[in-house]
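Asks: Each chain is listed here by its residues.
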Amino acid sequence: MLIRCVVYENGKKLAEIPASDIHSYVCRPGCFVWVAMFDRDIALLEEMREQFDLHPLAVEDAQQGHQRPKLEEYGNSLFAVLQMIELDGADLRVGEVDIFAGPNYVLSVRSGVERGFRDVRERCESEPELLAHGSCYVLYALMDAVVDRYFPVLDQLEDQLEEIEKRIFVVDSEPRANIQALYELKQRLMTLKHAVVPLLEGVSNLSGARVPAMVSGLREYFRDIYDHLQRLNQMIESNRDTVASATSVNLSMIAMQENETMKRLTAYAALVAIPTLIAGIYGMNFADMPELHWRYGYPICLGVMAALDGYLFYRFRKAKWL
Amino acid sequence: MLIRCVVYENGKKLAEIPASDIHSYVCRPGCFVWVAMFDRDIALLEEMREQFDLHPLAVEDAQQGHQRPKLEEYGNSLFAVLQMIELDGADLRVGEVDIFAGPNYVLSVRSGVERGFRDVRERCESEPELLAHGSCYVLYALMDAVVDRYFPVLDQLEDQLEEIEKRIFVVDSEPRANIQALYELKQRLMTLKHAVVPLLEGVSNLSGARVPAMVSGLREYFRDIYDHLQRLNQMIESNRDTVASATSVNLSMIAMQENETMKRLTAYAALVAIPTLIAGIYGMNFADMPELHWRYGYPICLGVMAALDGYLFYRFRKAKWL
Amino acid sequence: MLIRCVVYENGKKLAEIPASDIHSYVCRPGCFVWVAMFDRDIALLEEMREQFDLHPLAVEDAQQGHQRPKLEEYGNSLFAVLQMIELDGADLRVGEVDIFAGPNYVLSVRSGVERGFRDVRERCESEPELLAHGSCYVLYALMDAVVDRYFPVLDQLEDQLEEIEKRIFVVDSEPRANIQALYELKQRLMTLKHAVVPLLEGVSNLSGARVPAMVSGLREYFRDIYDHLQRLNQMIESNRDTVASATSVNLSMIAMQENETMKRLTAYAALVAIPTLIAGIYGMNFADMPELHWRYGYPICLGVMAALDGYLFYRFRKAKWL
Amino acid sequence: MLIRCVVYENGKKLAEIPASDIHSYVCRPGCFVWVAMFDRDIALLEEMREQFDLHPLAVEDAQQGHQRPKLEEYGNSLFAVLQMIELDGADLRVGEVDIFAGPNYVLSVRSGVERGFRDVRERCESEPELLAHGSCYVLYALMDAVVDRYFPVLDQLEDQLEEIEKRIFVVDSEPRANIQALYELKQRLMTLKHAVVPLLEGVSNLSGARVPAMVSGLREYFRDIYDHLQRLNQMIESNRDTVASATSVNLSMIAMQENETMKRLTAYAALVAIPTLIAGIYGMNFADMPELHWRYGYPICLGVMAALDGYLFYRFRKAKWL
Amino acid sequence: MLIRCVVYENGKKLAEIPASDIHSYVCRPGCFVWVAMFDRDIALLEEMREQFDLHPLAVEDAQQGHQRPKLEEYGNSLFAVLQMIELDGADLRVGEVDIFAGPNYVLSVRSGVERGFRDVRERCESEPELLAHGSCYVLYALMDAVVDRYFPVLDQLEDQLEEIEKRIFVVDSEPRANIQALYELKQRLMTLKHAVVPLLEGVSNLSGARVPAMVSGLREYFRDIYDHLQRLNQMIESNRDTVASATSVNLSMIAMQENETMKRLTAYAALVAIPTLIAGIYGMNFADMPELHWRYGYPICLGVMAALDGYLFYRFRKAKWL
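Protein chains in written order, with the working numbering: chain A, 957 to 1278; chain B, 957 to 1278; chain C, 957 to 1278; chain D, 957 to 1278; chain E, 957 to 1278.
Keep in mind that the hints were calculated from the coordinates and are not lab data.
Please note: incorrect hints may appear among the correct ones.
A pair counts as met if it fits within one copy or between any two copies, since identical chains are not told apart.
[What the hints assert, rightly or not] Simulated crosslink set (DSSO-like; lysine-lysine; CA at most 27 Å straight-line): (1) Lys-1122 x Lys-1149; (2) Lys-969 x Lys-1026; (3) Lys-968 x Lys-1122; (4) Lys-1149 x Lys-1276; (5) Lys-1276 x Lys-1122.
Just chain A, same shape as in the assembly (with noise of 0.2 Å):
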């Protein structure tokens, strides 16, 4: 579906076109075409390789989708696949941007995800003087706005990781549920990762040394989304290890539980057994057995049996077996 179809010249709008009309935009210098796509329209695809001339393997891809993310060069123009995520409740939804970048076009496919560009694009008419470097800049946007929406769901999975963390030390806490959480959290840190790790190596191909002609004025912007993705291959990474920390303490602790539930066991037959022993010893049949013939035989027998008990539980209480 063909979303918008926008003609811009030294960075300000011309004209919106209906896709019929970029062949005649597109070979005027200072001219660059953005448009704009949702869901993998594979007629759409084809008539836009045909107006742009796109790499029939750049295409294929897009076609497809779930691509790993990564930037290629065909020649002079860049094809980059990117992830999308969303938060979906404490679930993530991963969807994907194909972006064809030439020298007077950029066209972006979206799929999966249900917020699209509409501010990029916003945000970049209201800046004709950066707008004005061409289509490499709108990929540079794009590109950003991918990047910088993966930071607020990596601060909801931190947040979740500290709740768990804060229930992981409570002695009464619920393993199970709690290896469940973490386990599921992991997954979704390897999701992002994912998202952030294959991206990283193809942008420092466009902020390093030797980078494509067409994208040579914008090195230090593209560093920054360089430097983005590492400070979020960083955090992804120490939040990883985090949760291998804190399923090994879970793990831990239900060793412990058990060690105790042990101890408690203890204690407690051994409050049982003691008076049920004395209670044996005077159901014997000995002919000859004073005891049973005291006049208080019986009460004092049942108070010997409560001090030893008595006297157990304050060792148990004291070695804190209880």
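Once you've looked at the hints, dock chains B, C, D and E against the given chain A.
Replies: Chains B, C, D and E in isolation, oriented as in the chain A frame:
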């Protein structure tokens, strides 16, 4: 066993020829011969070595089989070894294809798997403008087919993993079966990894800055294979990581089951021990135990036993020990 | 908030000036202005951007704060972000200093920590022959000060670790407290690592073969910082490794405590079960049980119970179960 | 101990000579001397040093032995150290061969293993067209032989691993024996790895872009060795990984056995505790316990005990606790 | 503290001189001064700095001590920091030697360890043809001595490890002591690693393709040191790996001991519970219990108890629970 031997000229099929006629076509400019073999036929390979002047070390590798995937240059020809992986129920069957490619010939030797390259040949013949690139395009098409066939295999391994994941958090799951399933899955992922990773390095040499003259026109095509291999590699790594997490979760679940078993043991033991103690007390033979002579002594005693157990049961339920 | 703004000429302090006079000194050859700010004052930063012609992306970073440590070239000026770490009881407080350095100016923006750079300025002013190197020497002095302040922080973390290590092999230690202490220590080491590692890479660019023109005369000084960072990094890694070992030792200790608890349980259960069995036997109602009618039957019976328990106790002690 | 000393000319054996005649052949163009020694004979090595003008540091290494595998250039000669590994029952015996190779000599010093290089010499002599490459071909043939002999060793270690794997999932396996077997297997894999990995690096220098002049004609042969070493390395790594998995599976099995033991304990304890409680109740001495006077009170009581136990047994069986 | 200060000319000792005469020799061509110091004498170091024109940053490092091993170029001189490690019972004592080497001087500053370099000086003086290489040969000789002294230290750590390994598979070993021993051993290996690894990098710069002019004639000698360091590093890594395996084996052993303890507990509990149940049954007060009145009722009952226990004992023995 020779399957087919066909001569192509300018991307079009010229003739299907017997092996013995190869020498009369192999020197004709603009022509190349595409030979497909099945199973390592040592004599036939020897004949091919003479026809195409193959390097003895490469032929030796093809005769022995069970090589590591690799891509080697011998003068102006290439020798590629790829592992082919087929599903065999839940298990994997590993075969091999050795491809010799020179300026005017391509020779593929397949072994160990059932599915051949008939569809590759048909697609090539249906796109003469691409086949006109010559023998190196056939090399690309064969490698692309082998790599694309890894994806459904990996998809099935991911399905197996997902199924185990579903079982793992269920309270009464069978941890022993889970462990074995995870262990076997890990081995299968390793098998796939061993097919992918060594190839990654080899293919990167066909798509980087300095490629062999023979494939220079197809750099972007080989980069596409490289990209697929990287995607596979990332997916395999991600799955291995998940298998590791799942294994550790499973271990935690075992520890927790043990803990719960122990709590239940404690609870049931208490439910029996308390009335046993009471019974012991009233089994004592003291001369003067007034309760023994109460009219409703016995039913009261039984009632107290039941009441204590009822209370304990309620407490254990509340503490989730039962 | 502006702290100070001083002009230096040939290593000597010329004058303390208000911010508005900067423009009249910044173009004087042989002079440079050193401005120190506290907290991110957005308006003031904007003013500085105009005075020193700073790059907008760098200023944006300084205005937002919470950047990853880095060292970036913008034309012939440098932009450095460093994290400042202060002890706050056992915890760490993380601040930031952003340094802009051009041929004739240095601007530092500190935030989040209390201790400033007054001592750095004083030491610089007391060594005019070094300060004569110009603004890049101030950059060095500031970075050196920040890095040197990491050492006492790391020292305290090492002290905390040593204290935990001492507790860990003690038999009756509290494993739960140890785990939590190790977990928190690991997080603190990670915080420090995140300050050090990204900087390592940046500083290596100021001390390697190809350095920016501005710092070329001070290569050995920046190599010294690099060396300190490497030492810090190795110490941090080594401590993290020790924390991991200690955590695993602690886990083993929990398992062993459990084992010992179980042995004690077994032993005590046996000490009670044996006399209970004997009591049970002599509580049987067989018509003909001669022992019951022995004269000293009862005391003998009690004696046997005590003797058996004494023997068992001796055996358990010897086997270290009790 | 000198084994043999033979002069070759243009790939053909010229004469077997005593060590003292070496000097008269070593300068003849087109000739090379191949000397094989067994055990480190310090005096003989000293003599060889003079005859072939070997570098003192290399000779020192050969005299001391127990070197790390390596490949070093000394001027226009090469010095190679390889570890030879033989099976000694289930264990490994590690020996060493040091090879000095110059334009007109090859000297091999073997020690610590039984099997020599007689078969290598015979195969070389039977292929004079290859031996005509000169001393560097002998270097290749020796190295190839050593590396090829690693494969059967690795095969046996894989067999050992497979055997352990079969035992590990069996319910009543002996976990203690498995652990020890896995531990020893891991050590053996490490031994093999230490023979392979350092060599990998050295051989890569003989097969890469810039090789020593002496071996330039045999680059593809050394690449073949390199390929074998990589295959070995991958197989070793894969086996080590499997050993690690198997160890962790074994640990899980121990935990599960414990869990099952505990369940069985609980079940059996219940089977005894219930009738004990009933017996306790009817052992009470209440004056008025009507059941005691029922005609079939005793058999009914026994029957109830049996019935309860039967029911419990059925429940435990169903829950797989017994 | 100054130990010795000697002038050498063409590899031969010229004279032992006081520190104050250094300046008159240091400019004589073909001469070099070798100064040995013990402990960081700040004043003396300051004097040396003036005599040899040392770089202030290097002198500062030597004055502070506790540096990371490193090798730095300052103009045409070298500054090396090495850690010296001595055995102190089972423990390690870590010292440091700082070496300044310029074209006509070598200055070594040793601290923290007892053993000096007297033997190095003697061996150098006994090989004047090597010492004629000048001050850089002394640098080599000192570094070689330090590195060679690591081997006996590592050997002893390996002995300690072997001893622990022997204990670990013994059934009744003390797991607590093993854990502590492994923990301490790991720390010692780490200490050694920290001496070796940073040096590895430094020395590789003296033996690679592009070396400082000063050491160019001794490249193969420094490569020898590099080779030793690599061997040490591999041995350390291998030992650390074994320590990790042994730790995990030890943990498994603890789990298995626990399992066995529990089985024994079950078995003994059963041996007591069964006769207790029987005694309980015959302690019931049913009016009509015919067995009670059998003539041999009591001995038969005891016999049945003993027989059941005997049978159980036999079964438990067979199942290896006892």
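Asks: All hints, please: hold or fail.
Replies: Verification of the supplied hints:
In this assembly of identical chains, the alpha carbons of Lys-1122 and Lys-1149 lie at most 27 Å apart whether taken from the same copy (25 Å) or from different copies (23 Å). For a Cα distance limit of 27 Å, the shortest separation of Lys-969 from Lys-1026 qualifies neither inside one copy, at 29 Å, nor across copies, at 37 Å. In this assembly of identical chains, Lys-968 and Lys-1122 lie within 27 Å of each other by CA distance neither inside one copy nor across copies; the values are 53 Å within and 55 Å between. In this homomeric assembly, Lys-1149 and Lys-1276 never come within 27 Å of each other (Cα to Cα): the closest approach is 45 Å inside a single copy and 39 Å across copies.
Taking the closest pair of Cα atoms, Lys-1276 and Lys-1122 come within 27 Å of each other both inside a single copy (24 Å) and across two copies (22 Å).
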